[in-house]
Amino acid sequence: MVETRPFLTFVTHLVLILGVVMIALPIWITFVAASHDDIRMTQAPIPMLPGGFFWENFKRTLFGSGLAGNEITPVWRMLFNSLVMALAIAGGKIVISLLSAFAIVYFKFPFRMGFFWMIFLTLMLPVEVRILPTFEVVANLGLLNSYWGLSIPLIASATATFMFRQVFLTIPDEMLESARIDGAGPMRFFWDILIPLSRTNIAALFVILFIYGWNQYLWPLLITTDSDMTTIVVSIKQMLEAAEQSPQWNIIMMTAMLAMLPPIIVVIAMQKLFVQGLTETDK
Amino acid sequence: MASITLDSLTKSYGQTEVLHHIQGEIQHGEFIVIVGPSGCGKSTLLRMVAGLETVTSGQVSIGDKVINDLEPADRDIAMVFQNYALYPHMSVEQNMAYGLKIRKFPKAEIKRRVEQAADILEIRDYLKRKPRQLSGGQRQRVAMGRAIVRDPQVFLFDEPLSNLDAKLRVQMRLEIRKLQRRLGVTSIYVTHDQVEAMTLGDRLMVLNGGYVEQFGTPIEVYEKPASVFVAGFIGSPSMNFISAQASKGQLTLPDGTTLASNTSANGPVTLGMRPEHLKQHGSGPIQLEVDLPEQLGATTLVHGRISGTELPITASLNGIHAASSGDVLRFDAPVEQMHIFDAQTGKRIE
Numbered sequence: 001m002v003e004t005r006p007f008l009t010f011v012t013h014l015v016l017i018l019g020v021v022m023i024a025l026p027i028w029i030t031f032v033a034a035s036h037d038d039i040r041m042t043q044a045p046i047p048m049l050p051g052g053f054f055w056e057n058f059k060r061t062l063f064g065s066g067l068a069g070n071e072i073t074p075v076w077r078m079l080f081n082s083l084v085m086a087l088a089i090a091g092g093k094i095v096i097s098l099l100s101a102f103a104i105v106y107f108k109f110p111f112r113m114g115f116f117w118m119i120f121l122t123l124m125l126p127v128e129v130r131i132l133p134t135f136e137v138v139a140n141l142g143l144l145n146s147y148w149g150l151s152i153p154l155i156a157s158a159t160a161t162f163m164f165r166q167v168f169l170t171i172p173d174e175m176l177e178s179a180r181i182d183g184a185g186p187m188r189f190f191w192d193i194l195i196p197l198s199r200t201n202i203a204a205l206f207v208i209l210f211i212y213g214w215n216q217y218l219w220p221l222l223i224t225t226d227s228d229m230t231t232i233v234v235s236i237k238q239m240l241e242a243a244e245q246s247p248q249w250n251i252i253m254m255t256a257m258l259a260m261l262p263p264i265i266v267v268i269a270m271q272k273l274f275v276q277g278l279t280e281t282d283k
Numbered sequence: 001m002a003s004i005t006l007d008s009l010t011k012s013y014g015q016t017e018v019l020h021h022i023q024g025e026i027q028h029g030e031f032i033v034i035v036g037p038s039g040c041g042k043s044t045l046l047r048m049v050a051g052l053e054t055v056t057s058g059q060v061s062i063g064d065k066v067i068n069d070l071e072p073a074d075r076d077i078a079m080v081f082q083n084y085a086l087y088p089h090m091s092v093e094q095n096m097a098y099g100l101k102i103r104k105f106p107k108a109e110i111k112r113r114v115e116q117a118a119d120i121l122e123i124r125d126y127l128k129r130k131p132r133q134l135s136g137g138q139r140q141r142v143a144m145g146r147a148i149v150r151d152p153q154v155f156l157f158d159e160p161l162s163n164l165d166a167k168l169r170v171q172m173r174l175e176i177r178k179l180q181r182r183l184g185v186t187s188i189y190v191t192h193d194q195v196e197a198m199t200l201g202d203r204l205m206v207l208n209g210g211y212v213e214q215f216g217t218p219i220e221v222y223e224k225p226a227s228v229f230v231a232g233f234i235g236s237p238s239m240n241f242i243s244a245q246a247s248k249g250q251l252t253l254p255d256g257t258t259l260a261s262n263t264s265a266n267g268p269v270t271l272g273m274r275p276e277h278l279k280q281h282g283s284g285p286i287q288l289e290v291d292l293p294e295q296l297g298a299t300t301l302v303h304g305r306i307s308g309t310e311l312p313i314t315a316s317l318n319g320i321h322a323a324s325s326g327d328v329l330r331f332d333a334p335v336e337q338m339h340i341f342d343a344q345t346g347k348r349i350e
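Chains as they are written, first to last, in our numbering: chain A, 1 to 283; chain B, 1 to 350.
Here chain B stands alone, though its shape is the one from the complex (with noise of 0.2 Å):
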């Protein structure tokens, strides 16, 4: 069983600690993604997993087997990197059998493995083929095919679709879900594209500044975000904070509009709505002034104001709307879609 334990994994560099006390349980089979903005170490994590970073505190078990000092070569894992770091020198099949050849497989085997992997993964055709000759989306095809003939315990990916074109990365997307499916390898991928991590994982776990946000499902994160943070970088557009006072159930805005919710707290808090639960509505209590829209066709996205603040907000209608610079819309904040943080430590309360 290829479970992951992360245990209070601690990374750092001289005196300056990156990755704070990461805990995590990832069970077998299971996709995660480790989501968050550049810098905040999800790389570094990935990469202590990997063997590649060494552990400054705390521990990595692969099953029950602490793989804190063990070799890459010895955890039984395999990796898709960035710019896919295939061998140059190398044809398609030699870069895929390289890992074999060298745990001295029987040249059968490797053989059978090559060809099994790379009709997985339609390569067939360029198994003779350098890596140069291929265009992008083939060798990041290759470049899995090469973590696959490993059958490994764990795939790593490290940001591995960010080199693809727009189109294309949608497509390697939806083929890597299938494929971890149907392979039913436990995986771990890191990404900061949040459209990714949503399409991609059984899990998120959202970092920042080297602590863990929130570790949960792609439809908990997004409707219980557990921070600002988490609730800002999950949906796009992302979600509008209007800072409010608390008090018996409702919210008193900054121009003093009020609205009714079904917060317990009391004082200053953060209220976070996501643009599309902003409905729109002749008589609702905020007023947006418009400063510009944006029409993306399916949906229309309203850049303004709280009318007479400096407070920006964005809504997004349905399909096509003709709102210009200077109008002022009504929208309605259904109780049920608000997202109430502590103004201090931006935490959720419920």
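One chain only, chain A, in its complex shape (with noise of 0.2 Å):
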């Protein structure tokens, strides 16, 4: 709908000004607060511009004991946990679900059905409802404290399969047959034309994944009691409450903005195909 009415467009944009603030507001606190030295964080009111401490925060965070008096873990190790827990969640799903949608597309054996509709329950059932029976098989299993007790229980996942059934149901018939017609054996159809095929796809969901696995809260802060193996979005809530001096919000901010970048780095770098996959219906 295009419209030439300046008011209308002094509206809109005003709406769209103060959403941006809304959402960009916090973020530069946060970058400010990472800026100064430990004193004048604590003084009112807090600083709007920056300080010149930001480098030095930088270093003591990333690489230093982090919060004075702490016997807490550099946030570089965090940061690396946090790293491979969302991409083994991220990587983990995608070639789950990329298997179990080929067999439920492609291929017919007994139950068919009956498996696509198991799947789709475990919809119902994310981490949260069985947290503590899922506890307790991954405590069985020794996988506390672990990369795989961090992981695994969260690699399941029922929305993937479901994603990648849709994109090769609109995959024509034809290409298929025109590959078996080639010689193409199964897994070869596969890898050379479902995989090519489903890329922009596998990015999309690439993307939403490992935000979803880097914005996980719950299920680490149960599993990981060495501090060895936090993650960093449990850690900034374990700053806050470490120790009996009042937060020290320059560590805290900085911690947190470092939490903020791999998303971010994340999404600017697959952005194009990210689009691509999610608006993408032509094959």
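It should be emphasised that the hints constitute simulated quantities derived from the structure, not laboratory data. There are no misleading hints in this set.
Pairs of lysine to aspartate or glutamate residues, derived as DMTMM-like cross-links and limited to a Cα-Cα distance of at most 20 Å, are as follows: (1) K130/B <-> D119/B; (2) K108/A <-> E71/B; (3) K101/B <-> D192/A.
Each of the two chains sits in its own frame; use the hints to bring them together as a complex.
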């Protein structure tokens, strides 16, 4: 809809700018807080302009012991833990969903629809609902405080299976028949035709799942007791209640900024494929 | 030798039999067109030869080898699909080479074959492009190129021209025919377009409701249609059918007109006359009351009824004719152009 009414244009811009300010202001405050020294952040009013301690805070947070007087793991280690977990969740979900969607769409086997509905049912059982039994299982397998324990219980995924099923259903049957005549076996077809054709969808899903994995809070909180295995999202919360002294906002805010960074990098790097994957319908 | 034998080929989906005991011998190098209305089972028949549908009973053989249970890849066939089914993420060259790559041909041999096919089809300039950068006609060529490089014993075409516009269709039709002559590969071509069928085929297999109505050369099918269905399906505009009574070589039409004929049949029959065979003649026995003339330039189609009845009849006149609604034109029905069919079974009576 194209309208040329100056007043409407003004109002829409105003609403947009307000929205942007509401979202951007906390991030700005985070940045400002991360660039002052310990003392300044405890004084009112809180500063609105950046100070000169940004790089010092950065080094102290990333490689140092973080909070003063606390035996906490350096933040780079937590970033690394988060990264491993997010990548394992995103990668694992994509691999498993691709294979299960491939089986459901292209193979006839007994109880095919039964399996389909079983996968569907898991949609109704997110981690939070099954968290105690899942914890029990993971604990019995001795996977507490390990990357396996962090990622495997979150990998099983119905949503991604569904999405790939839909993607595969849009690929014309002739593609399969043509590949059969060309002599491609099932796995060859999967690898040479299906994967390249779902490339953009895989990328879109990767972005979504990476962020999903990165933002996990409850599960890592539950199964990591060793501070070497904590993820960054969990650690921010722990920093707040760490010592008996007042919270060191500059360090906490720096950590928060570091925690925001990887999802942003992933989104920016994969933006083009991400948009294509969500909008492209033509195969 | 790549002859194809269809022996009592039957296909059922559950309880429903869709193809009934199809019988046919296809010679080496022959171009066979399977033609019929949609839903007659022609694509299913082709796909059974390709190995994309299972055979319920009967046998398909290529040469002396029964191929019922072979995978499509092991049948030494190549197929061109209606929507081309090119792999969208591969370049033209990769599309054509894919089948050879899977069969582990040496790289140099693949390159040689792809280039040779590209030369034949004049698509050498597009080898590096992706299918979506090509026009419909070019995609069609690539699809054929993909079939050619494999150097198979049999080509199968599943309505390959139906996605092209009318002009391009005529052009590609000629090219497919020339190509097939040149390569001499036994081919089966499925279409619902009777013009394509007439121009392409060495022989036509006319299918209707899962039965073979007639299997013969285009001229046989045109001149001696085996049934009312074939007579109506092949030829444009389609044949006029008038129910008549035959006795002692004479035909009596419902309006009382009697026509001389050479039929030996007696009793109720269906008389078939092609519009182009009705000869306008001042004292002809058939009176056509004009409803609507259609001027096509080279010919004029006159649609109307037999005077005094509601029986539709169409005549095709050469050149431009100024007939208007309500006029009565008289026609002769030449004895040798009459087709007499059994009124009950619809089969041809000689």
